[in-house]
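Trainee: Here is what each chain is made of, one letter per residue.
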Amino acid sequence: MSCFTSKYADELAKNAAYIGTPGKGILAADESTGTIGKRLSSINVENVEENRRALRELLFTAPGALQYLSGVILFEETLYQKTAAGKPFVDVLKEGGVLPGIKVDKGTVELNGTNGETFTQGLDGLAQRCQKYYEAGARFAKWRAVLKIGANEPTELAIQENANGLAMYAAICQQCGLVPIVEPEILVDGSHDIKKCADVTERVLAACYKSLNDHHVMLEGTLLKPNMVTPGSESPKVAPEVIAEYTVRALQRTVPAAVPAIVFLSGGQSEEEATLNLNAMNKLQTKKPWSLSFSFGRALQQSTLKAWAGKEENLKKAQDALLVRCKANSEATLGTYKGDAKLGEGAAESLHVSNYKY
Amino acid sequence: MSAFVGKYAEELIKNAKYIATPGKGILAADESTGTIGKRLSSISVENIESNRQALRQLLFTSPNALSYLSGVILFEETLYQKTSDGKPFVEVLEENNVIPGVKVDKGTVEIAGTNGETTTQGFDSLGARCQQYYKAGARFAKWRSVLKIGPNDPSELSIQQNAQGLARYAIICQENGLVPIVEPEVLTDGPHDIQKCAAVTETVLAAVYKALNEHHVLLEGTLLKPNMVTPGSDNPKVAPELVAQYTVTALRRTVPPAVPGIVFLSGGQSEEEATLNLDAMNKLQVLKPWTLSFSFGRALQQSTLKTWGGKKENVGKAQEAFLSRCKANSEATLGKYGGGSAGGLASESLFVKGYKY
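Quick note, the sequences are listed as chains A and B, same order.
Here the first sequence stands for residues 1382 to 1739, numbered as in the numbering used here.
Here the second sequence stands for residues 1372 to 1728, numbered as in the numbering used here.
There's no promise every hint is true.
[As the list claims (entries may be wrong)] Once the Cα atoms are required to be at most 27 Å apart in a straight line, the calculated DSS-like pairs of lysine-lysine come out as:
(1) A:Lys1487 to A:Lys1529
(2) A:Lys1668 to B:Lys1378
(3) B:Lys1388 to A:Lys1669
[As the list claims (entries may be wrong)] Pairwise CB distance ranges (calculated):
(4) A:Thr1386 to B:Asn1523: 21 to 27 Å
(5) A:Gln1509 to B:Asn1523: 33 to 39 Å
(6) A:Asn1496 to B:Tyr1451: 51 to 57 Å
(7) B:Val1376 to A:Asn1695: 51 to 57 Å
(8) A:Asn1493 to B:Ala1483: 36 to 42 Å
Simulated from the structure, these hints should not be mistaken for lab results.
Note that CB positions come from ideal geometry on N, CA and C, so glycine has one too.
Starting from the given sequences, assemble the full structure and let the hints guide the process.
Mentor: Listed below in structure tokens is the structure:
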């Protein structure tokens, strides 16, 4: 094979396929300590370990929510945390039929000589870290590469560096038993139209899959986490059907059928927007040899966070809010969402933050 | 878009999709004058224009055969030939819902400094030639790139040159209304095993699709003509199910779903072998977002040629042989081939070492 064969090959393919189960998706709860701090401060909660732990316990023990999830991405700290009753989060997830995943990148740094373009670091000692995460129960990993659209961006340098970084990360993960989620996020920031976004997305994805092939990555044991194809943040919005058409076409032109599932990031979309767009894609009558699902962070947690506001008495309200979004997105993966989810406070609120840094 | 959407875009998409119709495939009848000469001499027929015309007339007027074909690739000379009644071949095909195609490359030349690796020529005035062919009724084109497997081959240089060449040819075709068939043939010659062929095929196809993306080729308006993944010619054959598994896996890993159809070359396989392998692929229970069909030359014509022997009195029987292969391959595209159309001739290997067109 062009790809490697490791002892984990069958397991990787099985886990990647499971994550792509129709009706299920991923909760991205891997905010770094700094980033989760911003979330907590927005609801006036102190950024201490206990509060971070309490928030994640709220999410992972929300009654009925786990059935709509196939995976949860964790930050390293969370991988080793437990419920207040002393049960490891990893066990809570596994018992709920949810695969634990782990963010393994170490953030972005600027590419010298470019107009603020970046590449992602985290390759040093990655294999050793992955082995430890596997021992702790993780079965998939995530690494976020970031590109932006501008007059001259993304440059060929940025595309190549990020594609190469993703491919190296993916190959190392597979050697260690972790399904790599490949995430080449093209930021929505800008005044460009949807056609420009489509053009850039197709170019970036083509480069990613060439790199993955060069690095002998086994596509059947990977997942893709791309941006949806939309107009830039400064341009007028378009209908979900239009987003669906451009997004799915871009994927048809670049993502081989061997990839079992595509789990979209929500970028700065509101909870409802993200769900409606995902639903429109799954309704589209066209060739889709991979399942189309979600890997949402903000777009799953926003109204939950607001409902919680850090207060124990709000626990049930907050968990109900999460369940509403999980169920809505589950229906969206089947193209059956009717847009009737009880909108929690903030569900329609845009979550776009200019030049968003995790 | 990343893809070039010119004035022919809709027509290209429609034609590519039609060629990929399940139950149909392509007859590759584009042998150059030199190559058809070898075929004719193997049945002791003189290589003159009237004999070349007679052979192609035999094929294109075979009763009922055209219903199993969506396209026929022609050599330039044939594009302008007529039946003995004076009807242009192009019209015969069009009236039977078969799209005429044309070979546009001008053969291979060696790449200096490599171990006999080649690149394909034919770019000079390619756009203008495509326009002429379009006027004459052609709606698709074919360009054959060749790679070989060896200890150090294919080299990165060869892969890049051939991928870039295919991409450049493809976009020029699309600018001029012809659906480009992209053909990166990895030769079967050699002692390598099927895994090696799979690895090389995946590497080559990944490079080809990267190049097509760079050149803004509209994938929905193209077809792919790859080799099947098999052991090297020095090795024992394997079961069709194995060929199917390795081939479809390689394609699933590299060919984007936007491509409507994949039409295999037969390489040196016998008529029956090629049909059985194609059938096995279509029986495979795995998700295939493109149709899998045939673009066979030797594997459709071999027994027909021998049965004809250049004699007018044999035309009827020869046409029956041709119909039989067309029907068998049509069934293979649907995974419904029951075997048994293999006469002795149909099982004869057509492998020629280092095959040059």
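Trainee: Taking the numbered hints from earlier one at a time, note which ones the structure violates and give those numbers from smallest to largest.
Mentor: No hint contradicted; all consistent.
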